[in-house]
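Here's the letter readout for the chains.
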Amino acid sequence: MTAHSDETKQLRPGLWETVNERYPGSMITKDDFVPLAPLRKPLSESRLTFVSSAGVQPKGTMPFDVVHPVGDYSFRRVPSTSNPSDLEIHQIKYPTHGAVNDLNVIFPIERWQELAAESVIGGLTPNFFSFIGYNMDPERLERTLAEDIAEAVVADGADVALLAPA
Amino acid sequence: MSLQYLKEAVAVGDTEKLIRYVRLHLGDGNEAAGRKEIDKAWVEALKLLLDVPETDREFILKTLAERDAATLAHLFFHLHFYLVQRSGEWIHDGTL
Numbered sequence: 001m002t003a004h005s006d007e008t009k010q011l012r013p014g015l016w017e018t019v020n021e022r023y024p025g026s027m028i029t030k031d032d033f034v035p036l037a038p039l040r041k042p043l044s045e046s047r048l049t050f051v052s053s054a055g056v057q058p059k060g061t062m063p064f065d066v067v068h069p070v071g072d073y074s075f076r077r078v079p080s081t082s083n084p085s086d087l088e089i090h091q092i093k094y095p096t097h098g099a100v101n102d103l104n105v106i107f108p109i110e111r112w113q114e115l116a117a118e119s120v121i122g123g124l125t126p127n128f129f130s131f132i133g134y135n136m137d138p139e140r141l142e143r144t145l146a147e148d149i150a151e152a153v154v155a156d157g158a159d160v161a162l163l164a165p166a
Numbered sequence: 167m168s169l170q171y172l173k174e175a176v177a178v179g180d181t182e183k184l185i186r187y188v189r190l191h192l193g194d195g196n197e198a199a200g201r202k203e204i205d206k207a208w209v210e211a212l213k214l215l216l217d218v219p220e221t222d223r224e225f226i227l228k229t230l231a232e233r234d235a236a237t238l239a240h241l242f243f244h245l246h247f248y249l250v251q252r253s254g255e256w257i258h259d260g261t262l
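Chains as they are written, first to last, in the numbering used here: chain A, 1 to 166; chain B, 167 to 262.
If you are wondering where the hints come from, they were derived from the structure by calculation, not from laboratory data.
Here a beta-carbon is modelled for each residue, glycine too, at the ideal position from N, C-alpha and C.
Wrong hints could be hidden among the right ones.
[Unchecked claim] Chain B is faced by these chain A residues, among others (derived, beta-carbon under 7 Å): (1) PRO69; (2) VAL70; (3) MET136.
Excised from the complex, chain A in its bound form (with noise of 0.2 Å):
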């Protein structure tokens, strides 16, 4: 897990004293950001991708590791053009029932084919990237997991990509 320097940037204050007390030695500092890339066609233009730690991957799939000790680096592939029933969570560190009855509140596929359809967005690319957020090791997960998906992301050819936690 990663500390931003600057305090006056964390959504909840205090969150990272919360971490830090339950799982000690999980803190790392990092000065060396990437700043944001501009937008540099319209959204509508634009092809998106979505990338998730909500542990979502095809059915049929190696499930994640979720009770390894040390974490899963690897990361899944999901079509974008798939439909919820033909995916699955394996993921044990966050609430599943809301997203086991409808997958769209924490990987809202179906959303985002609909915004694609009414061409809110551009398109979407053929695969969005699902990974679970349980990692022991940042360094791995910055020089490994970050780094490939980056690379996948990039070959899919996006535009836009909107990260998001679960």
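Using the hints, position chain B against chain A.
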């Protein structure tokens, strides 16, 4: 707890930190819950054997003899969650 924190604890033999981490992991961030979860898994394993059912000891011994220690350790974590799930009292819905 980061991996580095755990490795440092291993290096200095600080098992208290390691045990606390295991409890936090198995209790979804709640140490007391994690302790109960460990007990729950052992109780479930014990209950399954009280009637002395026939078990596949050949499989067990073969697995222990032929598989590497890391795979067996990974299996141990899987078995914990398997037994907890069998107990019917599942806390891992993220609400802790």
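- Hint check: 7 Å Cβ-Cβ cutoff, VAL70(A) to chain B: With a minimum Cβ separation of about 6 Å from chain B (threshold 7 Å), the hint on VAL70(A) holds.
- Message: Can you verify the interface hint for PRO69(A): is its Cβ closer than 7 Å to any Cβ in chain B?
- Response: holds (5 Å)
- Message: MET136(A) was flagged as interface toward chain B. Is the shortest Cβ-Cβ separation under 7 Å?
- Response: Nearest chain B Cβ about 5 Å off; hint holds.
Hint compliance for this structure: no hint is broken.
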